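**Student:** Letter by letter, the chains look like this.
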Amino acid sequence: MSKSILVDTTKCIGCMSCVAACKETNGLPQNEETELSADSFNVVQSRAGVFVRRFCLHCQDPTCASVCPVGAFMRTAAGPVVYDADRCIGCRYCMMACPFSIPRYEWKLALPRVRKCTMCAPRQAQGLPPACVEACPVQASIFGERDELLAVAENRLRENHTGYVQHIYGEHEAGGTSVLFLSAVPFEALGFPANVPQDPLPTFTYRVLSKIPTVVSAGAVLLGGIWWITSRRAEVAEAEKNDLDKSGGE
Amino acid sequence: MDHNKLPKLTFWRAVLILILASGLYSTVLRFTKGLGAATALSDRFPWGLWVGFDVLCGVGLAAGGFTLAAVVYIFHFERFHAIVRPAILTAFLGYGLVAVALLFDLGRPYRIWHPLVMWNPRSVMFEVAWCVMLYLTVLALEFSPVVLERFRLTKPLKVIKAITIPLVIVGVLLSTLHQSSLGSLYLIVPSKLHPYWYSPWLPVFFYVSAIGVGLAMVIFESNLSARAFKREIEMPLLSQLGKVMLVILGIYGLMRLLDLASRGALGLLREPTTETLLLILEIAIGTAVPVVMLAFRQVRENREGLFATAVLVITGFLLNRLNVSVTGLEASSGAHYFPRWTEVSVTLSLVGAGFLFFALAVRYFGAFESPPLPAGARQ
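First to last, the protein sequences are chains P and C. Using my numbering, read the first sequence as starting at 1 and increasing by one per residue. Using my numbering, read the second sequence as starting at 1 and increasing by one per residue.
Hints listed in this document are in silico derivations from the structure and should not be mistaken for laboratory results. Don't take every hint at face value.
[As the list claims (entries may be wrong)] Using C-beta positions, here's what the derived DEER-type ranges look like:
{"hint": "1", "chain 1": "C", "residue 1": "V15", "chain 2": "P", "residue 2": "R207", "range": "45 to 55 Å"}
{"hint": "2", "chain 1": "C", "residue 1": "V15", "chain 2": "P", "residue 2": "E171", "range": "52 to 62 Å"}
{"hint": "3", "chain 1": "C", "residue 1": "A14", "chain 2": "P", "residue 2": "V236", "range": "50 to 60 Å"}
{"hint": "4", "chain 1": "C", "residue 1": "K243", "chain 2": "P", "residue 2": "N242", "range": "24 to 34 Å"}
Only a predicted model underlies this, so the values are computations on that prediction, with no experimental measurement involved. Heads up, the beta-carbon is just placed ideally off N, CA and C, and yes, glycines get one too.
Just need the whole structure built from these sequences, with the hints factored in.
**Tutor:** Take a look at the structure:
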């Protein structure tokens, strides 16, 4: 059970209301950027004649949360993936690892933070929808339970076979995301990476990390064993040499 | 002889001073104006030279420490005792410099201790942080006899001697973990890293190539320090290391080839891309040519030949790490990254500092004197 946003790019009119609302809620300078930045957590891009929003997809099993060495990222029970700037050491592994290349950094500051959409977690805690969804005049973005939104999306695909690419972006990408997209043109043309694995990415590193206890215990036994054998061999050689010396002396 | 050497020495000193001065400027810039002013890093390219070279290469090049420690203390090849100390010294300096480089690269360097108390065991970076911290401690202890002997502190010396074997075993295990984990860091980017370099075997490749380059570094340093300090070179020992390196590189090359083939990446070689060129260069310089050269006894037993091979192996290794961490990611990032001169000057300063500290340690602590403990090790 988690909250989600469904973005239907066929409905978006490119009015930028969501951008303005996002900036106001997050206290960011009002400028119309078309690329995500430390000052823009949500942008609207025009690609292939389509308006498409770009913001954090809030993965079900977030890569950023798994790679962060100090646990600065966390997926909340309600769905949003949030960031605690007080923990962050600034290694930027989250930015490297994010399959959708979402997190941005305050490069110009001496004490920078990672910046990204919070899915308005503070507003959600007060029972309010994310500011971007509330601001949308045409319901191109809607907010609700993930299951319900998936059902809505499937319905739209079923009812309009030719109007949509028959794919819900985010249903399975990177193990599934809380933000879902519908489109009339191939998602790649909208700038979505097409080669994101369907498995949650943290499983890729966990496969190796889970072997560490075995490597350590087997390695310790192996090294200890080799040391014991080689030092025993040296002892024996030493003793034999001594015996020889003795018998030689007698 | 001395008159000939003198101007050469001052030349290198002048170069070093120049590098350190520019590094100082970059340091001030970095810590007052931030990463954006001092580096070419961007949101599309968040990791650059400092991670790719200073950290990835630095840790790899320091692998000679754990390799030789294992050879001498675990496998009891006592004849290598004479070169184990410089190898451990290099490793200690190397890891120290990696830690300093991290202070430059981290956005909030004063929080470098956070992983100690804020845990995330699912993170490869968390594991690397712990391993490197612990291994730095192990290296300090492994190197401490040199300092303790210098100041004739017999009591702590006895304690260190008593725990040498467990210490070496812990050091080898920690090295195994973090050398491979530096490769595991990139397992999380299957859709971003070029198929030439993205492989589920990355951790194994990083580990095996680290051992290979660790041996190459021992050969490299022994040559340089023999030249600089007018010492006798331990050619028979180095030739044997060359033989081991041949085996390691052979295994590594074969594994890379099988991996590329099994993932169907060999077909990409027909495309004349930058990545293809870089892969061919990396394999040729770092693996194929050295394997062929080392296969000849004449090369292994020839000082210049062995030295040249070591330089090739090191160069190929650097190429590999930079391919994984920088060039292999360029295509998917949609951005081009080339380090700013301020970034380069910090890196050069760290390398220069490494040479400086190594020379000082040799001069004042006699790092080349073999430890007196295991009787007759050097004779």
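**Student:** Which of the stated hints cannot be reconciled with the structure, identified by number in ascending sequence?
**Tutor:** Checked against the structure, no hint fails, so every one of them is satisfied.
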